[in-house]
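Heads up: the sequence lines are chains D and H, in that order. Counted from 1, the first sequence has number 90 at position 90 by our numbering; the numbering is strictly sequential. Counted from 1, the second sequence has number 83 at position 83 by our numbering; the numbering is strictly sequential.
The reader is advised that the hints may include incorrect statements.
Each pair may be met inside one copy or between any two copies, as identical chains are not told apart.
Claimed, not checked - Dumping the calculated DSBU-like pairs for lysine-lysine here, alpha-carbon to alpha-carbon at most 30 angstroms:
#1 119 <-> 8
#2 166 <-> 214
#3 119 <-> 213
#4 8 <-> 213
Source of the hints: derived by calculation from the structure; they are not laboratory data.
Okay, here's what each chain looks like letter by letter:
Number of protein chains: 2
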Amino acid sequence: MTPRDNVKALLFDVFGTVVDWRTSTIRELSGFGRGRGLDRDWTAFADRWRSLYQPAMEEVRAGRRPWANLDTLHRESLETLLAEFDMRGLAAHEVDHLNRAWHRLDPWPDAVGGLRRLKTRYVIGPLSNGNVALLTNMAKRAGLPWDVILGAEVARAYKPLPECYKRNAEILGLAPAEVMLVAAHNDDLAAAAAVGYRTAFVARPGEHGPHQKKDLHADRAWDVVTDSFHGVADAMGCRG
Amino acid sequence: MTPRDNVKALLFDVFGTVVDWRTSTIRELSGFGRGRGLDRDWTAFADRWRSLYQPAMEEVRAGRRPWANLDTLHRESLETLLAEFDMRGLAAHEVDHLNRAWHRLDPWPDAVGGLRRLKTRYVIGPLSNGNVALLTNMAKRAGLPWDVILGAEVARAYKPLPECYKRNAEILGLAPAEVMLVAAHNDDLAAAAAVGYRTAFVARPGEHGPHQKKDLHADRAWDVVTDSFHGVADAMGCRG
Numbered sequence: 001m002t003p004r005d006n007v008k009a010l011l012f013d014v015f016g017t018v019v020d021w022r023t024s025t026i027r028e029l030s031g032f033g034r035g036r037g038l039d040r041d042w043t044a045f046a047d048r049w050r051s052l053y054q055p056a057m058e059e060v061r062a063g064r065r066p067w068a069n070l071d072t073l074h075r076e077s078l079e080t081l082l083a084e085f086d087m088r089g090l091a092a093h094e095v096d097h098l099n100r101a102w103h104r105l106d107p108w109p110d111a112v113g114g115l116r117r118l119k120t121r122y123v124i125g126p127l128s129n130g131n132v133a134l135l136t137n138m139a140k141r142a143g144l145p146w147d148v149i150l151g152a153e154v155a156r157a158y159k160p161l162p163e164c165y166k167r168n169a170e171i172l173g174l175a176p177a178e179v180m181l182v183a184a185h186n187d188d189l190a191a192a193a194a195v196g197y198r199t200a201f202v203a204r205p206g207e208h209g210p211h212q213k214k215d216l217h218a219d220r221a222w223d224v225v226t227d228s229f230h231g232v233a234d235a236m237g238c239r240g
Numbered sequence: 001m002t003p004r005d006n007v008k009a010l011l012f013d014v015f016g017t018v019v020d021w022r023t024s025t026i027r028e029l030s031g032f033g034r035g036r037g038l039d040r041d042w043t044a045f046a047d048r049w050r051s052l053y054q055p056a057m058e059e060v061r062a063g064r065r066p067w068a069n070l071d072t073l074h075r076e077s078l079e080t081l082l083a084e085f086d087m088r089g090l091a092a093h094e095v096d097h098l099n100r101a102w103h104r105l106d107p108w109p110d111a112v113g114g115l116r117r118l119k120t121r122y123v124i125g126p127l128s129n130g131n132v133a134l135l136t137n138m139a140k141r142a143g144l145p146w147d148v149i150l151g152a153e154v155a156r157a158y159k160p161l162p163e164c165y166k167r168n169a170e171i172l173g174l175a176p177a178e179v180m181l182v183a184a185h186n187d188d189l190a191a192a193a194a195v196g197y198r199t200a201f202v203a204r205p206g207e208h209g210p211h212q213k214k215d216l217h218a219d220r221a222w223d224v225v226t227d228s229f230h231g232v233a234d235a236m237g238c239r240g
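Next up, chain D with everything else stripped away, as it sits in the complex (with noise of 0.2 angstroms):
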């Protein structure tokens, strides 16, 4: 028995393990940046907005606050940003371009190539805690070819929390031993096998940059352990 032999879709965690949101927000705040002639430490930005993304969703999944997408809750921490960084007064229009530029993240090299392989056996989409608007424009600009949209949206509850990936198992009328999450994140595929899914790890030892420390390797003997998404076609036996 391998891996795949029950396997009927294959779900993605999305920021980190499809695309480098790091470099591509870099991107975007510094273009911003150079547009309206604001010189700031981009790179602190980018990883100070990332910094403020689980605090925000610990408040919803403690139920402290009702459900916010992720929109919102990238919002809010901009807001916050906009002042911590001396950029108070600018118009609703940029602040909403700016949120978005987490919309506009670009796949890692591998991911293009190897979800089409993938899509040819499996149902594929992402599983991420991004809201279905964002996962929807990313992938109609990077030419991601989901299947379907799911994720913290649909199941109302944010990952790890189990009802995540249970919520979303069923809305695909399968058992959760019939979904693999591909994930680059271990605590992600703990809480994933926790609830019966298959794993497959996929390292990617430049998501936080050049001094990266967690997950850079696979932390169990999770169902598949590889560094790109053809190494995940392969071991679910995909054509080259």
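Once you've looked at the hints, dock chain H against the given chain D.
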């Protein structure tokens, strides 16, 4: 100002508009009957199955039962019909297979080509009472190139309830006026227009077979009126 000026996404009714549910379910039922040596009026079976569709959803819309997706409602109707057509005693996997006939519907001849054209310029997706698994499996088999799978299940409200249209626009991060519904049914378009959607009527005079009386023509001056998805693509400025 043309109908397309503000439109960002085209959402499609599916049963009757994108796919020929009647010919397809008759084919599926007949094939099952031949394999099992069962001789029944499969056309009557298909039409009866469809006739139970609105009453089943009405129980949910009216709040007389909690949310149940269309696979569940189809399955309940199927059990009723298996009794009516003297087909009790099928194995569970056979009933499942028959119920998933609705996942294996064929598109009208212009559907895939028209959608490919529209996808070059707009976000496209189903806005169907069918559930996500049904729509995903159908798209995969038929080659429908959706960007996103939406519909009643995502909104937890069946058409023509206004919440269904409103919530689906919201999930895309769009105002209702930025969304166009494409449908072969005047009542669906009327409900969408009432919440602010743009509208395209595509005549499908063969949907209900040779004796169809309803929806042969547009009841109103919808934004687009045509008889194929290529007509929608022409009207919406997409190259041929």
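These are the hints, each one checked on the structure:
In this assembly of identical chains, residue 119 and residue 8 lie within 30 angstroms of each other by CA distance both inside one copy and across copies; the values are 11 angstroms within and 26 angstroms between. When the C-alpha separation of residue 166 and residue 214 is checked against a cutoff of 30 angstroms, the pair qualifies only within one copy, where the shortest distance is 26 angstroms, while the shortest distance between copies is 42 angstroms. In this assembly of identical chains, the alpha carbons of residue 119 and residue 213 never lie at most 30 angstroms apart, being 32 angstroms within a copy and 41 angstroms across copies at closest. For the homomeric pair residue 8 and residue 213, neither the shortest alpha-carbon distance inside one copy (33 angstroms) nor that between copies (41 angstroms) is at most 30 angstroms.
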